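Keeping their order, the protein sequence lines are chains H and Z.
If you read the first sequence in the numbering used here, its first letter stands for residue 1, the second for the next number, and so on.
If you read the second sequence in the numbering used here, its first letter stands for residue 1, the second for the next number, and so on.
Any given hint might turn out to be false.
As the list claims (entries may be wrong) - Footprint (simulated), chain Z over chain H, 3 or more residues, beta carbon under 8 Å:
hint	segment
1	98-107
2	123-132
3	210-216
4	241-250
As the list claims (entries may be wrong) - Over the 10 Å line for every Cβ pair with chain H, so calculated as not near, a few chain Z residues:
hint	residue
5	R49
6	L55
7	R56
8	D74
9	A75
10	V84
11	E85
12	E97
13	E114
14	V125
15	A145
16	V155
17	L170
18	G180
19	E227
20	G240
Stated by the list, open to error - Facing chain Z, according to a computed beta carbon distance under 8 Å, are these residues of chain H, among others:
hint	residue
21	T3
22	V5
23	S80
Calculated directly from the structure, the hints in this document are not laboratory data.
No experiment lies behind these values; they were computed from the predicted model shown.
Just so it is clear, CB atoms sit at the ideal spot from N, CA and C, and this is done for glycine as well.
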Amino acid sequence: MITAVRVEALKLARSPVGGTATLALVLGIVVLLAGITAGVAGGDPRLIAKAGPAAALDWEGLVAGAHQIAAAAALLGFGSVLSWMFAREFTDRTITGLFALPVGRGRIALAKLTVHLLWAVLVGLVLPLGVAALGLLLGYGAPTAEAGGALARLSALVALTGILATPVAWIATVTRSLLAGVGGTIALVAIAQVGALAGAGGWMPLAAPALWAMSGGAAVNAVQLALVPVFGAAFTVLTCAAWARLQLTR
Amino acid sequence: MVGEVLDFSGVGFRFHGGTGVDDLAFHVDPGEVVALIGLNGAGKTTLMRLALGMLRPQRGRVRLFGEPSADLPDAAWGRVGALVEVPPAYPELTVRENLRIACLLRGGDTRRVEEAVDRWRLAPVADRRFRRLSLGDRQRTGLAAALQHRPRLVVLDEPGNALDPASVILLREQLSRRAGEGAAILVSSHHLDEVARIADRVLLMNRGRLIGRLDTTGADLERAFFERVREDDERRDRDGEGTR
Chain H
1 MITAVRVEAL KLARSPVGGT ATLALVLGIV VLLAGITAGV AGGDPRLIAK
51 AGPAAALDWE GLVAGAHQIA AAAALLGFGS VLSWMFAREF TDRTITGLFA
101 LPVGRGRIAL AKLTVHLLWA VLVGLVLPLG VAALGLLLGY GAPTAEAGGA
151 LARLSALVAL TGILATPVAW IATVTRSLLA GVGGTIALVA IAQVGALAGA
201 GGWMPLAAPA LWAMSGGAAV NAVQLALVPV FGAAFTVLTC AAWARLQLTR
Chain Z
1 MVGEVLDFSG VGFRFHGGTG VDDLAFHVDP GEVVALIGLN GAGKTTLMRL
51 ALGMLRPQRG RVRLFGEPSA DLPDAAWGRV GALVEVPPAY PELTVRENLR
101 IACLLRGGDT RRVEEAVDRW RLAPVADRRF RRLSLGDRQR TGLAAALQHR
151 PRLVVLDEPG NALDPASVIL LREQLSRRAG EGAAILVSSH HLDEVARIAD
201 RVLLMNRGRL IGRLDTTGAD LERAFFERVR EDDERRDRDG EGTR
């Protein structure tokens, strides 16, 4: 299993996909926040109305904006990379090399998901640093205790979003298509938004981490948040089973 | 029979479209090179996929090292080396990195990677990314990955593809060496190429079935091969069998 994790980590680290996605997520979100801040500071009334709590020109406003953007952007980014990690074995025709090995395909799938989650945790550690650097550049001074807590929740939100992307691995496996996996990612984002708007709230794993992060933990209880790893585990089992049973019939 | 490394017994598999293979029965013994010859679409790759667990038989039984392939312990797959269709290498990794991960995944000794680089004359491109290789270098990388861990069962689908004459000789030498060390080797080809000609036995395949052996001591083997295929086609058309 450790061998499979090492191999999958090397593949992600050496591919342009891993590096590009990391940059896009961290720099992209920081640049977007800087743009929103500039718009709010310029007095754009439509932007201020849409930004809500993120319209405040202080640490709380900055991190609230980061929560809002990261909830959707991280799911899109993680889902797209996860789709590539699984579907590329079929499109690059490397899947034949993953048969007839002492490492079972179920364990290879688990190794892929493990590497993906480790990468999501890494992005979750780097993104708050980028947001903090932006806050310092904007002259907000040293982060307040509340802002520190919100940055920690941002880190957890990103890592939990890595778990929420797990169904994409199963979709990409069943369809053997990168685009289908990306389509599944967009569907997950849409379901999360619709679920949140419909009031499903904390009981909906796809929306719970964002609601938890944005409410300072008030809107989602521990049991509701614990459904996120359960949701991820269920799709991990489905994905690993699909890989273990895989046949090259196409 | 005890000692058979690969054994097919009444194996059949049908794809959704109706094509497939039927009644496959053959074996490969230790130290033996068996060539599987058939025209494009004869079912050679399907047979090899069945041997390697990429497909599960719908009828009959595939045994490896004396065990049904479905029950083969994971560790035993480390004694198998295969190249089916295209070399399964990652374009973003170098030749050396691809060989290293192939070795790691098979539980092999990674010191053999350098040996494989030398043996397969890959040193000039060892640090080049796989996507930048010529077709011939790609094929040699795939063959090196399949053989570097010294497998006891070797399954190669059209291994001579894209190889220049010097590389074909190299491949023949490596296969003869593996067989000399007791490995069972199954290679496929759509014609009687230079690789197939080193085989101890040549099996003919047509329209999803094994149709017998080819006597390689005779003259004009290509003509004899096509004649057997033509006779099989005529007989099956006469008997009203559909195409694969």
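Right, here's what the structure says about each hint:
1. Beta-carbon proximity to chain Z at under 8 Å applies to 7 residues in the segment 98-107 of chain H; the threshold of 3 is reached and the given coverage holds.
2. Closer than 8 Å: that is the beta-carbon criterion, and the segment 123-132 of chain H has 0 residues meeting it against chain Z, so the requirement of 3 is violated.
3. Judged by the Cβ-Cβ criterion of 8 Å, the segment 210-216 of chain H is not covered by chain Z as claimed, because only 0 of its residues qualify and three are needed.
4. Note: the segment 241-250 of chain H has 3 residues with beta-carbon separation from chain Z under 8 Å; the three-residue rule is met and the coverage holds.
5. A cut-off of 10 Å between C-beta atoms contradicts the statement that R49(Z) is not in contact with chain H; the least separation is 6 Å.
6. The claim that L55(Z) lies off the interface is violated: its Cβ sits roughly 5 Å from the closest Cβ of chain H, which falls inside the 10 Å cut-off.
7. Interface exclusion of R56(Z) from chain H breaks down, the closest Cβ pair being 6 Å apart, not more than 10 Å.
8. The beta carbon of D74(Z) is not kept farther than 10 Å from every beta carbon of chain H, the shortest such distance being approximately 5 Å.
9. The claim that A75(Z) is not at the interface with chain H is violated, since a C-beta of that chain comes within 10 Å of its own (minimum 5 Å).
10. Its beta-carbon lying about 5 Å from the closest one in chain H, V84(Z) breaks the requirement of being farther than 10 Å from that chain.
11. Its closest Cβ contact with chain H, about 6 Å, brings E85(Z) to no more than 10 Å, contrary to its assignment away from the interface.
12. A cut-off of 10 Å between C-beta atoms contradicts the statement that E97(Z) is not in contact with chain H; the least separation is 7 Å.
13. For E114(Z), the shortest C-beta to C-beta distance to chain H comes to about 18 Å, beyond the 10 Å cut-off, and the non-interface label holds.
14. Every CB of chain H is more than 10 Å from the CB of V125(Z) (nearest about 17 Å), matching its label as outside the interface.
15. Chain H draws A145(Z) into its interface by the beta-carbon criterion, the shortest separation being 7 Å against a cut-off of 10 Å.
16. The beta carbon of V155(Z) sits about 8 Å from the closest Cβ of chain H, which is not more than 10 Å, so the claim that it is off the interface is violated.
17. The beta carbon of L170(Z) is kept farther than 10 Å from every beta carbon of chain H, the shortest such distance being approximately 21 Å.
18. For G180(Z), the non-interface assignment is confirmed: its Cβ lies about 23 Å from the closest Cβ of chain H, beyond the 10 Å cut-off.
19. Against chain H, the non-interface label of E227(Z) holds: every CB pair exceeds 10 Å, the least being about 33 Å.
20. G240(Z), annotated as away from the interface, keeps every beta carbon of chain H farther than 10 Å; the closest lies near 27 Å.
21. Look at T3(H): its Cβ gets to within about 5 Å of chain Z, closer than 8 Å, so that hint holds up.
22. Taking 8 Å as the C-beta cut-off, the interface hint given for V5(H) is violated, the closest approach to chain Z being about 11 Å.
23. Contact between S80(H) and chain Z, as hinted, is not supported at the beta carbon level, the nearest pair being about 17 Å apart and thus beyond 8 Å.
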